[in-house]
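Asks: Sequence:
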Amino acid sequence: MKIYNTMTRKKDDFIPITEGEINMYACGPTVYNYFHIGNARPFLFFDVVRRYFKYLGYKVSYVQNITDIDDKIIEQAIKEKTNFNEIAERYTKAFFDDLKLLNINYADFNPKATEYISEMIDLINTLVVKGNAYESNGDVYFSVESIPNYGKLSGKNLNELQAGARIEANTQKKNPADFTLWKKAKDGEPSWDSPWGAGRPGWHTECVVMSRKILGQTFDIHGGGVDLIFPHHENELAQAYALDGEPLANYWMHNGFLNVDGNKMSKSLNNFFTTRDIMKDYDPEVIRFFFLSKHYRSPIDFNEEIIIESKKALANFYSAFSSIDIINILDQDIDIYEFNEAVQAFKEAMNDDFNTAKALAVMFDLVKEIKSKQNSLKKQQAAALTLYELGQVLGFFVDLEDRLTNSVDQHAEKLIELMINYRLEAKQEKNYAFSDRIRHDLSEIGIELQDTPQGTIWKIKE
RNA sequence: GGCGACAUCGCCAAGUGGUAAGGCAAGGGUCUGCAAAAUCCUCAUCCCCGGUUCAAAUCCGGGUGUCGCCUCCA
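So for the first sequence, my numbering puts the first residue at 111; every next one is plus one.
FYI, nobody ran anything at the bench for these hints, they're computed from the structure.
Some hints could be false.
[Claimed, not checked] Derived BS3-like pairs: lysine-lysine, alpha-carbon spacing no greater than 25 Å straight-line:
hint	residue 1	residue 2
1	K457	K120
2	K169	K222
3	K210	K421
4	K182	K377
5	K457	K169
6	K483	K569
[Claimed, not checked] DEER-style ranges, computed between Cβ atoms:
hint	residue 1	residue 2	range
7	Q454	H550	46 to 52 Å
8	K169	D561	51 to 57 Å
9	T562	L166	29 to 35 Å
10	N215	S553	34 to 40 Å
11	G167	T566	45 to 51 Å
12	Q520	K481	30 to 36 Å
Values in this document were obtained by computation on a predicted structure and should not be read as measured data.
Ideal placement from N, C-alpha and C gives every residue a C-beta, glycine not left out.
Build out the structure end to end from the sequences listed, making use of the hints.
Replies: See the structure below:
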């Protein structure tokens with residue numbers, strides 16, 4: 111298995127620290143709002159990473175933090191004239207609700223920053239004692255010059271950083287690139303006591319404390335969006351290195367950004383979408399397909415057309431399932447060994463730095479096998495079960511039965527059948543004007559009739 | 001200004017040395033009273049120029065274009 115490692119800038123062979131076990135950490139949300147569609151990408155992608163490792167038989171420990179104290183949360187609280195706790199709690203709940211809708215399995219651990227304040231203070235204190243951090247007027251900064259190789263992950267060097275004029279001049283800092291470990295509280299801000307006075311921890315410390323506490327000194331995979339490489343992950347790395355010279359993680363994975371109609375998503379461009387809002391209009395599984403149809407490291411463009419395309423493409427899987435009546439064979443003991451080759455192709459794709467786009471192509475090949483009349487029923491069924499198995503690895507096909515059945519109440523069903531019979535009578539009398547009117551009118555209210563050799567069937571239109 | 005990524009059919013998107021996966025759309029056939037659905041078939045030489053090689057979308061150099069990071073940000 112190969113994973114692209116931001117640290118080495120190439121695909122590295124993946125070797126877990128402990129054979130058969132994987133410890134991974136992905137940066138979670140700052141809970142000050144509903145998460146947007148761009149945020150959904152890493153959440154969803156690392157869900158797939160974890161599912162795939164489990165499919166391969168690894169024991170996976172997955173940690174995703176929740177940043178529940180931060181400037182943005184405080185800002186939002188002020189705006190709503192409430193306290194930061196209430197904001198954090200509200201959007202933490204929303205976060206979990208939305209994950210559930212997206213069929214993203216919760217992490218094994220979701221530590222919150224506010225639950226680890228004393229550990230963070232300990233860590234900062236250790237860094238101060240070791241000479242890697244210094245207090246200045248109630249703030250504590252990490253000294254980037256105190257360790258060698260600062261900037262290794264992001265490919266930056268300190269001279270260039272200093273040359274960049276965009277780092278605000280902060281006279282408190284010894285080096286403009288030094289970052290905040292502890293932030294002195296202003297009047298009225300939430301705060302915790304510390305050896306440096308009342309304040310709150312800087313963002314870059316929580317991940318170090320929580321990941322090491324739960325997963326150990328060095329863990330296997332640390333992930334997040336590309337924008338986190340610098341400064342966030344660089345700064346995490348620096349702290350861990352300063353503590354004991356050990357790397358924080360062996361593999362650094364970063365997903366590419368999402369653009370909207372070719373532009374960066376921003377509130378000012380009026381192209382800002384929360385995942386929650388999009389899920390009102392589109393099946394969450396369509397969103398999953400959309401993301402997985404492109405390699406995770408590439409930038410991806412979000413727009414309405416592409417979502418509709420994803421929706422149509424995804425529908426092929428269900429159409430294939432429907433044609434084979436998969437619900438009735440799910441618990442049958444059907445040998446799917448015949449499609450072992452497809453499974454291998456799927457794994458090969460996934461083993462190559464999680465090439466989900468290629469993996470989806472393997473799934474579409476199975477759709478062909480399911481529908482091919484050259485194949486025996488048994489072979490079609492085996493292909494369907496293989497498709498089902500692979501799809502689940504990517505997080506598809508939840509509530510399969512519900513999706514494949516028309517859900518209307520019994521009276522409505524009888525009414526529809528009644529209409530179908532009336533139409534049939536009209537057809538037999540060659541009163542096509544009337545039969546077409548019935549079909550048309552039913553279609554108008556969302557019920558689609560299809561004449562098949564087996565008779566007329568009906569479907570609820572999307 | 002510094003660092004980096006990308007450029008493949010109308011659209012989306014795999015493919016990193018051996019002669020272009022897949023999806024959407026489109027065109028054509030079958031089926032149908034007509035539809036729909038289904039089904040079968042068709043559909044690219046890889047931004048430009050130069051180089052390396054028996055062989056390049058794939059490697060190297062030079063262009064052009066798009067994007068990201070350098071500041072809170074998935």
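Asks: Could you check the structure against the hints above and give me the numbers of any it violates, in ascending order?
Replies: 9
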